[in-house]
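S.K.: For the protein sequence lines, the chains are W and C, in the order given.
At position 202 of the first sequence (counting the first as 1) the number is 202 in our numbering, and the numbers step up by one without a gap.
At position 39 of the second sequence (counting the first as 1) the number is 39 in our numbering, and the numbers step up by one without a gap.
Don't take every hint at face value.
As the list claims (entries may be wrong) - Simulated coverage check for chain C against chain W, where a stretch passes if three residues somewhere in it have a Cβ under 8 Å from a Cβ of chain W:
(1) 16-29
(2) 112-126
As the list claims (entries may be wrong) - Sample of chain C residues with no beta-carbon within 12 Å of chain W, all distances over it, derived:
(3) Ile5
(4) Leu6
(5) Pro8
(6) Tyr43
(7) Ala44
(8) Thr71
(9) Thr85
(10) Asp97
(11) Leu99
(12) Ala101
(13) Lys137
By construction, these hints were calculated from the structure, which means they are not laboratory data.
In this text, a Cβ means the ideal position worked out from N, Cα and C, and glycines have one as well.
Residues per chain are reported as follows:
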Amino acid sequence: MALPYDSAAKFQEYAHPEMIVSTEWVAAHLDDPSLVVAESDEDVLLYETGHIPGAVKLDWHTELNDPVTRDYVDGAGFARLMSEKGISRDTTLVLYGDRNNWWAAYALWVCSLFGHPDVRLMDGGRAKWVAEGRPVSTETPQRPRAEYPVVERDDKQIRAFREEVLAHLGKPLIDVRSPGEYTGELLHMPDYPQEGAVRGGHIPGARNVPWARASAEDATFRPRAELEAIYRDEAALRPGDEIVVYCRIGERSSHTWFVLQHLLGYPHVRNYDGSWTEWGNSVRVPISRGDTP
Amino acid sequence: MTTAILHPRLQEIVDDFAALPGKDRLQLLLEFSEELPALPGRYAEDPALLEPVPECQSPLFLAVEVGDDETVHLFFDAPPEAPTTRGFAGILHTGLDGLTADEVLATPAEFTGQLGLQDLVSPLRLRGMAAMLARIKRQIRDHRA
Chain W
1 MALPYDSAAK
11 FQEYAHPEMI
21 VSTEWVAAHL
31 DDPSLVVAES
41 DEDVLLYETG
51 HIPGAVKLDW
61 HTELNDPVTR
71 DYVDGAGFAR
81 LMSEKGISRD
91 TTLVLYGDRN
101 NWWAAYALWV
111 CSLFGHPDVR
121 LMDGGRAKWV
131 AEGRPVSTET
141 PQRPRAEYPV
151 VERDDKQIRA
161 FREEVLAHLG
171 KPLIDVRSPG
181 EYTGELLHMP
191 DYPQEGAVRG
201 GHIPGARNVP
211 WARASAEDAT
221 FRPRAELEAI
231 YRDEAALRPG
241 DEIVVYCRIG
251 ERSSHTWFVL
261 QHLLGYPHVR
271 NYDGSWTEWG
281 NSVRVPISRG
291 DTP
Chain C
1 MTTAILHPRL
11 QEIVDDFAAL
21 PGKDRLQLLL
31 EFSEELPALP
41 GRYAEDPALL
51 EPVPECQSPL
61 FLAVEVGDDE
71 TVHLFFDAPP
81 EAPTTRGFAG
91 ILHTGLDGLT
101 ADEVLATPAE
111 FTGQLGLQDL
121 VSPLRLRGMA
131 AMLARIKRQI
141 RDHRA
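Can you make the complete structure from the sequences, with help from the hints?
M.R.: Below you can see the structure in the form of structure tokens.
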């Protein structure tokens, strides 16, 4: 049985309030057996330093990716992973993590490729839980193994591949990288490793809205009115628009995908996970440089 | 293929990791992160003395001192919310601090790949540690030049 939604007033303004819960809600439901809380961080050791009591760890690098092909795990791999973590198809899965839920949003997007029926994000993530002085534990929970069915990954609805992005040119694109990456001045995130794009710039027509603008100081999502000021007023997205979002490898843009699809309710939002590491290395695809779309 | 011989202190770290099953290796990495010494006052007060290592996924700064007797001392600064990066720094500190400049320079670049962490941490994250080692060696060479 799915757990009740969080009725917090801020969430009711969002298009899909069922996709988000507060730290209070998580604290109140921690002992419910139909809930699994999973932490997904950029830093692979952060979970070990202490996590929400009972939360399992979900690592984006080592668990959600196929170890050989540049792709996500397949239906059998996802079923195996979820079963090991004690997650079944009817589990309410709540994800949270470091850095404004950046990686938690990525994990949520991957879970959505497999159509997990009830997956939500904890607003404010790890930082807010810790800042509120809530309990953390270093104990690894021993959840009983579950039987997660093999569900084929659906790459059509919320994922875009390079050819689809080429066909999409002329329709709205949001580049969520830093301004320096967007203009082509930088080939990677400031202070981050170069991940190997041989050309700088952005996909023609893409508007630049750095992903973290959707988050407030305390790592929570901005209220709906503030998000609309950014995406509707500034980035000129109109209701019903088909939108493609991208970044460098598709992780930061998962965060923006979540905002556009679930908080603002745009019905057709796809994440191009090939992103700049693919586009910036592809032969003869068009590229724009500078600060205009 | 020949493998370069590691200094006994580095070999001990490699052996410690190798003796553990997969998941316990992360615990050992966590211990290294907890044992990383805090910056001494002279660096804490003047962060400009530290060299940034942008190849790491989280901010890391390091300083290298080479004494008149050629002894190398290493100093690292990384925030507590970046335990993996701190763990890498802790491994290098435990393995290299107090060795001679020649001994540090003789550390093979592939050392970071011998800890059995690729599948647990991912090769991308491990690049950060390789970059720290490369920068430490470069600073020692600069010091000699």
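S.K.: For each hint, tell me whether it holds in the structure or not.
M.R.: Verification of the hints:
With 3 residues having a beta carbon nearer than 8 Å to a beta carbon of chain W, the region 16-29 of chain C meets the requirement of three or more and the stated coverage holds. Figure legend: the region 112-126 of chain C, annotated as covered by chain W; annotation consistent (6 residues with Cβ-Cβ distances under 8 Å, at least 3 required). For Ile5/C, the condition that its CB be more than 12 Å from all CB atoms of chain W holds, with the nearest at approximately 29 Å. Consistency note on Leu6/C: stated as away from chain W, and its beta-carbon is indeed over 12 Å from all of that chain's, at 24 Å minimum.
Under the 12 Å C-beta cut-off, the non-interface status given to Pro8/C relative to chain W holds; the minimum distance is some 27 Å. The beta carbon of Tyr43/C sits about 19 Å from the closest Cβ of chain W, which is more than 12 Å, so the claim that it is off the interface holds. Consistency note on Ala44/C: stated as away from chain W, and its beta-carbon is indeed over 12 Å from all of that chain's, at 20 Å minimum. No Cβ of chain W comes within 12 Å of the Cβ of Thr71/C; the nearest lies about 30 Å off, and the non-interface call holds.
With a cut of 12 Å on Cβ distances, Thr85/C falls inside the contact zone with chain W, its closest approach being about 7 Å. Interface exclusion of Asp97/C from chain W stands, the closest Cβ pair being 21 Å apart, more than 12 Å. Taking the minimum C-beta to C-beta distance to chain W, about 26 Å, the non-interface status of Leu99/C holds against the 12 Å cut. Against chain W, the non-interface label of Ala101/C holds: every CB pair exceeds 12 Å, the least being about 27 Å.
The non-interface label for Lys137/C is consistent with chain W: the shortest C-beta to C-beta separation is roughly 18 Å, beyond 12 Å.
Hint compliance for this structure: hint 9 alone is broken.
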